[in-house]
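Peer 1: The primary structure of each chain is shown beneath.
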Amino acid sequence: MTQKIKDATIPTIPFGARIQRWFGRNLIRIYAVFAFTYLFIPVAYTFVFSFNDAGKSNLIWQAFTFKNWQNPCGAPEVCSALGNSIKIGFIATFFATILGTMIAFAIGRHNFKGRSASNLLIFLPMATPEIVLGASLLSLFLVFKINPGFWPTVIAHIVFCISFVVVTVKARIASLDPRLEQAAMDLYANEFETFRRVTLPLVAPGIAGAALLAFSLSFDDFIITNFNSGTLTTFPKFIYVSAARGIPAQANVIGSAMFFLALTLVIVGQLVNRRKVR
Amino acid sequence: MGKNRTPYLLLLPGFAFLFTFFILPIINLAQTSTQTKIAGGDTGQYEQTLHFRNYIDAFVANKEQFGRSFLYAIISTLLALAISYPLAYAIAFKAGKYKNLLLVLVVAPFFTSFLLRTIAWKQILGEEGFVVPTLRSLGIISQSTTLTSTSFAVVMGMTYNFLPFMTLPLFASIDRIDPRTLEASGDLYANGYTTFRKVTLPLSMPGVVAGTLLTFIPAAGDYVNASILGDPTTKMIGNVIESRFFKIVDYPTAAALSFTLMAAILILVTLYIRKAGTEELV
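Keeping their order, the protein sequence lines are chains A and B. If you count the first sequence from 1, position 270 lands on 270 in the working numbering, and the numbers rise without skipping. If you count the second sequence from 1, position 84 lands on 84 in the working numbering, and the numbers rise without skipping.
Keep in mind that the hints were calculated from the coordinates and are not lab data. Since we're looking at a predicted model, the values are computed, not measured. You can take every hint at face value.
Cross-link-like lysine to any residue pairs, in silico, SDA-like; alpha carbons within 25 Å at most:
id, chain 1, residue 1, chain 2, residue 2
1, B, Lys94, B, Val107
2, B, Lys63, B, Lys247
3, B, Lys99, A, Leu265
4, B, Lys97, A, Asn26
5, B, Lys37, B, His51
6, B, Lys94, A, Ala17
7, B, Lys94, A, Arg274
One-sided excerpt, in silico: chain B residues whose CB lies under 7 Å from chain A:
id, residue
8, Leu10
9, Ile26
10, Leu29
11, Ile83
12, Thr112
13, Ser113
14, Arg117
15, Ile217
16, Gly221
17, Gly238
18, Ser258
Where is the CB? At the ideal position from N, CA and C, for every residue including glycine.
Sequences are here, hints too, so could you generate the full structure?
Peer 2: Structural data, given as C-alpha cells:
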C-alpha cells in the first residue's frame with residue numbers, strides 16, 4: 001500500500017539525476033569524510049607500522065609481529081623519554097591550571113583597572129612563535145647560569161599552557177547564567193558558599209577541559225622543549241633525534257597506545273556525563 | 001575595599017610567573033639582539049654594544065627564509081581554512097547525535113605525537129611509500145619527480161599539523177549559530193549561497209579570525225615540518241634561528257631574527273584583526 005502511494009506521489013527520477021541530487025545533499029558529508037581521512041592517514045600508518053618486525057629501522061614493511069606491543073620498552077631510552085614527558089606534563093598542567101583558572105576568574109568575573117592590559121598579557125604568549133618563547137627563556141636561563149633540564153622545561157611549559165587555560169576557563173565562565181548565582185545569594189548563601197557550591201561545580205568541566213588541553217600541549221611540545229631541556233630526553237625529542245637513524249617500532253606502539261588511551265578516556269567521560277544529565 | 005582587591009589577588013601569582021618567565025626573557029632577548037662578539041673572546045661570548053645593525057644584517061642575510069616562512073604560513077593557513085570550514089560546518093549542523101564523537105576525532109590525532117605523524121607523512125610520500133609509485137604508474141607525475149624534500153610536502157605537513165587549531169575555534173563559533181537564522185534567511189528567498197555569504201559567514205567570523213591566528217602564528221615560526229619534510233631549499237626562518245642558537249652559537253643574530261619575526265607577525269595580525277573587524281580575541 002505504502003509502496004503504491006510512494007510510486008504515485010514521487011515521479012520516477014532518472015538514475016543520473018538521483019545520484020546528482022544525492023551528491024548535492026551529501027556533498028558536505030563527503031567532504032567531511034575526506035577531511036577525516038586526511039587527518040587519520042598518518043595515525044593509521046603509525047598504528048600499522050607498530051606491528052612491523054623491523055629491527056632497528058622501521059622504514060620498510062618486513063613482517064607482522066606482536067613483539068613490539070609485548071615489549072614497548074624494548075628500544076633503549078623510549079620509556080625513560082616517555083616517563084619524562086608524562087612527569088613534565090603532569091607538573092606543568094597542575095600549575096598552569098591553577099594559575100590560569102585564577103586569572104580567568106579575575107578577568108571573567110571582575111571589572112577592574114588594567115583588565116584590558118591583563119587580556120593583552122594573556123594573548124601575548126599565544127601570539128609569540130614557539131621558537132621565540134623557547135629561545136628567550138633559554139637565554140634568560142643562560143644569563144642566570146641555570147642549566148637547561150627538567151625544571152627549566154617544566155617552567156617553559158607552564159608559560160605557554162597558562163594562556164590556553166585562561167582562554168578555555170574564561171569561555172566557560174562567560175557562558176554561565178548569572179541568575180544561578182543570584183538565586184544562591186537569595187537563598188542566603190554567602191559569597192564563599194555560592195562560589196563553592198554553585199560557581200565552581202558549574203565551571204569545573206571547563207577547568208577539566210583546560211587541564212586536558214594543557215597536558216596534551218605539554219606532552220606533544222617539541223620546539224620549546226628542545227631549547228630548554230638540555231640533555232634531558234622527552235618523547236617528542238626522542239622521536240626527532242632518532243628520526244635520522246630510524247625510529248624504533250616501539251615509538252609507534254607508544255604513540256598508538258596514547259591515541260587509543262585518550263580516545264577511550266574521552267568517550268568514557270562523555271558517556272558518564274550523558275548519564276548524569278539524564 | 002576587600003572586594004576591589006580580589007581580582008588583583010587572583011592575578012598576582014599567575015602574572016608574577018608570566019612576568020618572570022615571559023616578559024623578562026623577552027627583555028633579555030632584546031638586549032642580546034644588539035650585542036657583538038667580544039674581540040678575542042670564546043665562541044658564545046658577547047658584549048653589549050647597542051649594535052642595531054644586527055637587525056639589518058640578519059634580515060638581509062635571511063630575507064629569502066623570511067619570505068618563505070610567511071608564504072608557506074599563509075598558504076597553509078588558507079588551505080587549513082578551506083579544509084576546516086566545511087568540516088566544522090558538517091560537525092555542527094549535520095552530525096546529529098555524533099557531534100561530540102566527531103569533535104573528539106578531530107582532536108584525537110593530537111595524541112599520537114605530531115612528530116610521529118609528520119615522519120609518517122615523510123614515509124608515506126617517500127620513495128618507499130605507496131603514493132609516489134601509484135602516481136608514477138598513472139602518469140600523473142614523472143618518473144623523476146619526488147614528493148618529499150619539496151615545498152609541497154612542507155606546506156602539506158604544516159596544513160596537516162595545524163588543522164585542529166583551525167577546526168576547533170571554527171566549530172565553536174559555527175555551533176553557536178541558531179539554525180533558525182538560516183531558516184529565516186531561506187524563508188526570505190535567499191538561496192544557499194546567499195545565506196552562507198550573508199548569514200553563516202558573518203556569524204562565524206570570530207571563529208575564522210581565531211582559527212587563522214592560531215594556525216598562522218605557529219606556522220610562521222615552525223621549523224619542524226621544514227626540517228623533516230623539506231630540504232635546504234625549503235628552509236624557513238625557524239630553521240635559521242634554531243641553527244644560529246645551537247650550531248653556530250650566534251645568540252645576537254638569533255635574537256635579532258626572533259624579534260624581527262615577532263614584529264612581522266604582530267604587525268600582520270594587527271592589520272588582519274582591524275580588517276576583520278573583530279576586537280574580541282579568541
